[in-house]
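Trainee: Residues per chain are reported as follows:
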Amino acid sequence: MMVKKNFKVACFLMLILCLMGCAKETADDNSSGAETTTADKGESVRASMVGHAERYMGISLSEAGIVYDYYDDNSSGLVRLVTIGEGKDMVLCYNPNCKHKGEECMGYRGVGARTMYYNGAVYYFSSINIFDHKITKQDTNGAGREFLVELPFGYNISYFCICHNDKMYYDAEITYKDEVTKELTSVFRVVEVDLLDGSYRFLTEESEDIVSIASLKGDTMYMRMYDGVDGRLNMVAMDINTLEKKTIISKETWKDEYVFVNGYDEDSYFYADRPNREVGIRNVDGTVERVLFRGAANERYSNLDAYSTGVFYSRMYDYEDEPAGDYFMDLITGEVVNITDEAEKYGINGYDGNYDAFIKRGTKNDHGMWSREKIISEAKAGQ
Amino acid sequence: MIRHELYKIISNKKAVFLAVLVLVLNMVLQFYVEQNKNEYTAGSYKALWEELEAQAEAEESWDRVVLHLSERIEVFSETPRAERESLVIYTDSFLAENALFEDVYEEISFQADYPGYLAGVESSADAFMSISLFGKVDGYSYADILKMKNEYAGMERKELIPEQSAGMELAASTGVTDLLALVLILFVAVMLWLKEKEQNMMLLIRTTYNGRIKLAASKLAVLVFTCVFAGVGLYGGNALAGAVMYGLGDLTRPLATVYDYGHTLWEISAGGFLVLNVVFKIIAYIWVALLMSAVCCKSGGPAAAFGGMVLLGAVGCVMYYNISPVSVWKSFKYLNTFGVLKTEFIFLDYRGLNIFGNPVDYRVCMAVMLPAGLVLFMVLTVVFFIDYVIKGKRRAGYAVVQKIKTVFISLRRRTERHTALLLHELHRIFMCHKGIIVLAVLVFFIADDAKPYEVSYLSMEDYCEHVYLEELQGPVTDEKLEYIESEEKRVKSPSGKYERAQKEALVLVKRRLSYIEKNEGACFVYEEPHNRLVADYGHTPDLLRAVTALIPVVLIMPYFFAPDLQNGVNRITDVTLRGKRKLKTMRYVTGVVFALAIAAVAHLSYFVQIMVSYGVDAEVFSYPVNSIPHLAEFGSTINLGTYYLITYAIKILAAVAGAFLVYGLSKLLKSQTYAMLAGFLLLVVPFLVAMYDQRIMYAAYPFSAALGNLFVQEKAAAVTCAVTIVLVTAVMWAVLHRKVRKS
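Order-wise, the sequence lines are chains V and B. Sequential numbering from 2 applies to the first sequence in our numbering. Sequential numbering from 468 applies to the second sequence in our numbering.
Since the hints were made in silico from the structure, they are not lab data.
Calculated cross-link-like contacts (lysine-lysine; reagent style DSS-like; alpha-carbon spacing at most 25 Å):
id	chain 1	residue 1	chain 2	residue 2
1	V	K361	V	K89
2	V	K183	B	K956
3	B	K964	V	K183
4	B	K956	V	K178
5	B	K901	B	K1051
6	B	K797	V	K100
7	B	K504	B	K809
8	V	K135	B	K800
9	B	K947	V	K183
10	B	K1049	B	K901
11	V	K135	B	K964
12	B	K475	B	K765
13	B	K970	V	K178
14	V	K100	B	K625
15	B	K662	B	K765
16	B	K959	V	K183
17	B	K800	V	K102
18	B	K614	B	K809
19	V	K178	B	K918
20	B	K964	V	K178
21	V	K183	B	K970
22	V	K102	B	K797
23	B	K1134	B	K662
24	V	K102	B	K504
25	B	K504	V	K100
26	V	K135	V	K102
27	V	K89	B	K614
28	V	K183	B	K918
The structure displayed is predicted, hence computed values, not measured ones.
Model the full structure from these sequences, guided by the hints.
Mentor: Shown next as structure tokens:
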């Protein structure tokens, strides 16, 4: 009898412990779609785009603003948020009693770690050593961080990382040690990590030359594949399901004629034709679908950020370093708005079509994000 | 009955001695730690506060004082380095002065703007709730922020009069206080529950009218009394230390005036807090004491009881120190057998824990966990106590056990049917007293921990430095210098990431070269594996291994002599031919071999693990010891191999000395339980204290030989250890000799 009693007590305790631990947040519906939040009202967030996110040089966009890796003198590393429109800059930690120092802080990133925001969660990439790294997930609406996956290679996400349909794509740098010569060699591959279960797969073969993701539209991934011999690169489109690759801009024509700007959709991409000083959309088969704008003989374009919703660009005169003007072209209506004053006022130097917002990618932790609606209406009012 | 049980404790000289020792030690450690906590002294802190209070009285405003303070801090930062020492008033250095002013400024500015802080909490909560990242109404974060906001909204936004906090903080500081309280509680719990069991008195007691529930209740009451005594005595001591060093200030002031507790949700006075803090501590102590009681009552013998308690404590510590405070699992960080002692969090601030997906205030969790644990462990203790297993009593599963036993019965008979004294002794210790289980657990942990691992490099430079130092290994030669030069030339304009790393690694190699040139005899060695073994990164690995080696010694050694002395069997064996000398010699020899083996396995497993993982070349052991920069002070008088030989010999001999100490204690105390307890207090607790707070590494000095590196590298530690060994030997010899003469 006593054994039975003890067993029952033990089972009961175990059950309580398991339930307590396992009672993490109910998994969010990670599919694309708007979340019921108090802040959504009035924000011009394209909810349908939330299922896709891109990370640029330490910053990633969210419906609330820019989530960025903050670097301080001690390199202790925090994750901060600059709210959209208002520009309120805060540590991603809601505890008012927190001193934002060390591991007790919700926004503590850790030395050398990098983050990516996607669909309500911040993903922390931290190096374990030169051969391994791990990803930890923090659901911002959830109860805390949880380990997602440990990957047997170093990470190389300083520039670009894309999340799409609950999968994350970034460049993996796999370092091998030669047991005889002790020399290290690095090869590059593109990796896909499933954010729901932590599984991963490689999308490309090992390459001694750098392979970096440029864009992902639907099932088509646009990649830059460098040629180690002459340092030039081929632009390649790859189907992420079949892994079939197709060179869309060869190294011979790259830079001399065409520059890849961004993917437009699964079958076409934005290009910049240098000799002709034009920007347009070209099919992966090489056919020009649409010329968006063409510059005068002494003009060129910089800060090009092109999405299916619109294109942000700065117009520059040859032999001058400063832009002559900043413009935004609505690709649906074809309307071009001069936003030079607004770009100067807010420091805008980019546009993100996923969130339909203008952004400032500052050099010293001074980033910003404003809705297109706000900037365009201000620009129109000024004109 | 309660009085009688209580009398047994109070009249026990050992218990009284331990209680006094714990109280005195706590006070001494509190004073010591507090004096060394900051760059400045308690006197400097008090003097500055006195000046500021006078200033505030003269100006009738604390806001101005805050302003003056901030101006002075600004002056500190703007003053040129050469002139900074002239600004020193309260301390003896500029750094200390600056730290003092910054700390006091932080205190006063918070206290002077308390309503602002509360308003800030509300506005911050509103701001975060309006952000979609945290604003999902059915999300955990939103609920947590809302709960926090509501809790703080109930706080009165009153103006606080700044007052120094250090005295109150010291009065409430836990430090090693809780650890010492646990030592005392452990002692009493073991005395209450194991002593009678060990003497087989339970067989008689449980048949008497009051020998079951009533006796259990009386013992529990005594345990509660002990917890009350520990809580009041130790925290009373802390309050006394705080009052003497800083003064406790106005005890009627709000708790929020105490800087560490500024974020508190308790609108009580500082004096009220002191009382409540002790009350909660006592409840936590009782919780732990009852858990210990349940383990003691359930376990078959003292080794199992000690082992069980150590295991439960270790699991709690691992959870508390390894779970991140921002993890989804953070509830387990606080709600475990170790975290339960941290009742100070109840008063600190709002702390939401994830319970079934909902944020629950830490205070509520504790309000449930403490009483639930108290009731559960109390019931379990009583049930286990009155259900004390009598050998031969039929229980559920008895038949199954018997069937299994019959399978092995013939084998057992064959092994047991012998007249070998050694086999009898080994069978008695390892089979009858279950020493084999202790050994199995130890072997499991060591085997699991000592597996070779893949060496981890944080950067390519680290790796390249390793490769270069391996390549250059040995004395400096012209060829090696040429090699360094040629490599420098090769990577002068690095072509890739790997060559860039090589270039940076060469800078480190050159730095090593200049070190070698300054230290005669030193050679090129990749020092990372050796740094781990010679305690360059602190003594924690040595402490852990010493505890691993000493716990089995403490748990098994008492079974060598104590049972015979306790039962009086020695009177019979002493008059037999083999029992007079051979048995004793055999026990000494077996014990020494056992201690040697345990210590060798515990310490050498780590050594082998590091050597295999890093692939250290045997030739390295012949290089002078100053090839490792951490051991520069030893010069080139001995080589690295000799250094390891000495330190490991000391560590292993220390375990043997520990075994002899437990032998001595067994003879002295004539009780397995007491010997085990005394061994635990003398050999294990000091290391636990040193591990708990590295500032009081002195606690490990008397037994520093068990750490090896500390003994060899710190003269004070070596002297203290040597003196301790001589003193303990002399005292033991004198006491035992006196006893022998008396008998």
